[in-house]
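Going line by line, the protein sequences match chains A and B. At position 61 of the first sequence the residue is numbered 61 (my numbering), and the sequence of numbers has no breaks. At position 54 of the second sequence the residue is numbered 199 (my numbering), and the sequence of numbers has no breaks.
If you are wondering where the hints come from, they were derived from the structure by calculation, not from laboratory data. Watch out, some of these pointers could steer you wrong.
Quick list of in silico lysine-lysine cross-link-like pairs, DSBU-like style, CA-CA up to 35 Å [unchecked claim]:
#1 B/Lys214 - B/Lys163
#2 B/Lys253 - B/Lys192
#3 A/Lys51 - A/Lys83
#4 A/Lys82 - B/Lys214
#5 A/Lys51 - B/Lys192
#6 B/Lys220 - B/Lys253
#7 B/Lys173 - B/Lys220
#8 A/Lys107 - B/Lys220
#9 B/Lys162 - A/Lys83
#10 B/Lys214 - A/Lys107
#11 A/Lys45 - B/Lys253
#12 A/Lys51 - B/Lys162
#13 A/Lys83 - B/Lys220
#14 A/Lys106 - B/Lys214
#15 A/Lys103 - B/Lys214
#16 B/Lys220 - A/Lys106
#17 B/Lys173 - B/Lys253
#18 A/Lys45 - B/Lys173
#19 B/Lys173 - A/Lys107
#20 B/Lys162 - A/Lys82
#21 B/Lys173 - B/Lys214
Facing chain B, according to a computed beta carbon distance under 7 Å, are these residues of chain A, among others [to be verified]:
#22 Ile57
#23 Met61
#24 Arg126
#25 Pro140
For each residue, glycine too, the CB sits at the ideal point set by N, CA and C.
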Amino acid sequence: MTTQVYYEDAEVGAELPVLVKAPTTQQLVMYAGASGDFYQIHYDKDYAVQKDLPGVIVHGMLATAFVAQAITDWMGEAGVLKKFGVQYRGIMFPNEDITVRGKVIKKHMEGGEHLVECEVWAENPRGERTIPGRAVVALPSRRTR
Amino acid sequence: MSEPREVPRAVRNIMGKKYSPATHDIEKGAIRRFAEAIGDPNPRWQKEALPTFLCSLPAEGDPLDPLLKLDHPYKRRLHGSSEWEYSLPVRPGDVLTVQNSVADAAMKPGRLGAMLFVTTETTFVNQTGQLVAKQRQTIIYY
Chain A
1 MTTQVYYEDA
11 EVGAELPVLV
21 KAPTTQQLVM
31 YAGASGDFYQ
41 IHYDKDYAVQ
51 KDLPGVIVHG
61 MLATAFVAQA
71 ITDWMGEAGV
81 LKKFGVQYRG
91 IMFPNEDITV
101 RGKVIKKHME
111 GGEHLVECEV
121 WAENPRGERT
131 IPGRAVVALP
141 SRRTR
Chain B
146 MSEPREVPRA
156 VRNIMGKKYS
166 PATHDIEKGA
176 IRRFAEAIGD
186 PNPRWQKEAL
196 PTFLCSLPAE
206 GDPLDPLLKL
216 DHPYKRRLHG
226 SSEWEYSLPV
236 RPGDVLTVQN
246 SVADAAMKPG
256 RLGAMLFVTT
266 ETTFVNQTGQ
276 LVAKQRQTII
286 YY
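With the rest of the complex left out, here is chain A (with noise of 0.2 Å):
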C-alpha cells in the first residue's frame, strides 16, 4: 500500500505512477457484463471485422476506467477525485498494452479545498495518445487541523 499523498507533496510537473494495463478478451467480456455495453466489437471478431475494424477492440470506456484507476491509486484514501474528462483519439486492442501516465500540471485552493489538476492519458504501443485527459482531485492538506 502506498503512502497518502498531500497537497503539500504535490509539485508541478510531478508525474503519476505508470499504470500498464494488457486486457484479455475474456476482460473485455467480464467488463461488457459489469457495464451493460455488449456492443459486439468488443468481444466479436467477425462482427468487429464486418464494421472495418482489425478486430475485437477494447471499450473506449474501459480505457477510461484505467485511466481513472491511476489518479484514484495515486490520490490515495484520502484523495476524492472532483472532476474526470476524457477524449477518445484511437483504438485499442486486447492483449497489447495500454500505458498510462499522468503528471500535476496545477496546483490551488477553493472553496476551501486543496486541489490539485493532472494531466492524464492512455497510450498505447505506439506512443500514441488514445484517451487523453484531465483530472481535478482535492488532496488532504497537512495543514488542516
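Since the structure of chain A is provided, determine the placement of chain B on it from the hints.
Just chain B now, with coordinates in the frame of chain A:
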C-alpha cells in the same frame, strides 16, 4: 448525399430535451464486478462506487447515440469525449435517479468536413435529493 453544413432541424428540435429518469439501486456486488472487470483491487470500492461505474446505470435516451430515434443523414458516429463532475460519493445502498438530456448540438469543422457535435448531459441524484454527479458526453456524427 453529402452531410448538411447546418445543424439539421430534427436535431435542433431535440436540443434541451429531457428524457424520462430511471432509478437504480447501487449494489455492492455490481460495484465489485465492475472493479474486477477493470482489474482495480483498491479496497475503497468495497464501500464506494468507482468513478466510471456511473456509466453502467442506463436511462431513457442513449447518451452515446442521442440521434438514435431521429431521421438523420449521418452514416457514422464517434464518441468524442466524456466528462464527469463528482459532488458526493456513491455508496452501496444508495438509490440514484439518472436522467439524460440533450445539452447542445453544433457543426464544427473536422478532418472529414463539417461534423455535427452533439453534447448530452446526465444527472445523478441520490435518495436524499442531492446531486452526486453530472456527466457530459460529446458524440460526433459525420
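Structure-based check of all given hints:
1. B/Lys214 - B/Lys163: Holds - the C-alpha atoms of B/Lys163 and B/Lys214 are around 14 Å apart, at most 35 Å.
2. B/Lys253 - B/Lys192: violated, 42 Å
3. A/Lys51 - A/Lys83: holds, 34 Å
4. A/Lys82 - B/Lys214: holds, 33 Å
5. A/Lys51 - B/Lys192: The given pair, whose Cα atoms are some 40 Å apart, is violated under the 35 Å limit.
6. B/Lys220 - B/Lys253: holds, 17 Å
7. B/Lys173 - B/Lys220: The hint is violated at about 40 Å.
8. A/Lys107 - B/Lys220: The hint is violated at about 43 Å.
9. B/Lys162 - A/Lys83: holds, 25 Å
10. B/Lys214 - A/Lys107: violated, 44 Å
11. A/Lys45 - B/Lys253: holds, 33 Å
12. A/Lys51 - B/Lys162: Holds, at about 31 Å.
13. A/Lys83 - B/Lys220: Holds, because 33 Å separates the two Cα atoms, which is no more than 35 Å.
14. A/Lys106 - B/Lys214: violated, 42 Å
15. A/Lys103 - B/Lys214: violated, 41 Å
16. B/Lys220 - A/Lys106: Violated. B/Lys220 to A/Lys106 sits at ~40 Å, over the 35 Å cutoff.
17. B/Lys173 - B/Lys253: Since the Cα atoms of B/Lys173 and B/Lys253 sit roughly 42 Å apart, the hinted pair is violated (cutoff 35 Å).
18. A/Lys45 - B/Lys173: holds, 32 Å
19. B/Lys173 - A/Lys107: holds, 34 Å
20. B/Lys162 - A/Lys82: Holds, because 27 Å separates the two Cα atoms, which is no more than 35 Å.
21. B/Lys173 - B/Lys214: Holds - the C-alpha atoms of B/Lys214 and B/Lys173 are around 34 Å apart, at most 35 Å.
22. Ile57: Nearest chain B Cβ about 12 Å off; hint violated.
23. Met61: holds, 6 Å
24. Arg126: violated, 19 Å
25. Pro140: Violated, because the Cβ-Cβ distance from A/Pro140 to chain B comes to roughly 15 Å (cut-off 7 Å).
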